[in-house]
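At position 24 of the sequence shown the residue is numbered 24 (the numbering used here), and the sequence of numbers has no breaks.
I should point out that these hints are in silico values taken from the structure, not numbers from a laboratory.
Values in this document were obtained by computation on a predicted structure and should not be read as measured data.
Don't be surprised by glycine CBs; every beta carbon is placed ideally from N, CA and C.
Among the clues, some could well be false.
Said to hold, decoys possible - Ranges of calculated distance between the beta carbons of each label pair, as one might list FRET restraints:
id, residue 1, residue 2, range
1, 13, 79, 30 to 40 angstroms
2, 79, 10, 27 to 37 angstroms
3, 80, 106, 14 to 24 angstroms
4, 66, 24, 35 to 45 angstroms
5, 89, 14, 14 to 24 angstroms
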Amino acid sequence: MEIDVARTGGFAGITRRWTAQPPPEEASEWISLIDRCPWDDAPTPTPTGRTAAPAPVVADRDPVPDGFVWWIRASWSGAFTKEAELPDDAITGAWRELVDAVRDWNREADAPRSRER
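With the hints as constraints, model all of the structure from the sequences given.
What follows is the structure in structure tokens.
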């Protein structure tokens with residue numbers, strides 16, 4: 001299982017990426033997080049890539065200057081993949097839970113291990 005999250009845009013236009021690869025014994029928790037996201041309601045990412053993503057649009061208004069765009073991909077069993085590309089204001093509810101879980105996973109994976117004495 002692998003969940004990838006990328007956020008691009010903002011004032012500097014920098015892309016940040018996070019990945020979680022939970023072990024099999026945690027798969028059911030992650031699948032539950034993934035299943036709660038409204039994938040069918042999310043726009044499908046463009047096949048040309050995400051580096052030149054347009055500014056996010058809020059409702060039916062003009063694009064948000066310097067806004068973020070989020071790309072989320074979840075895959076497991078080698079055959080099941082879901083992808084979504086969302087403006088920053090759409091990262092709420094289940095999307096926010098999934099994004100935060102992946103970012104937390106990275107923080108824990110990057111944290112220095114304490115030395116045993």
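Each hint tested on the structure:
{"no.": "1", "hint": "13 - 79: 30 to 40 angstroms", "result": "holds (34 angstroms)"}
{"no.": "2", "hint": "79 - 10: 27 to 37 angstroms", "result": "holds (34 angstroms)"}
{"no.": "3", "hint": "80 - 106: 14 to 24 angstroms", "result": "holds (22 angstroms)"}
{"no.": "4", "hint": "66 - 24: 35 to 45 angstroms", "result": "holds (40 angstroms)"}
{"no.": "5", "hint": "89 - 14: 14 to 24 angstroms", "result": "holds (19 angstroms)"}
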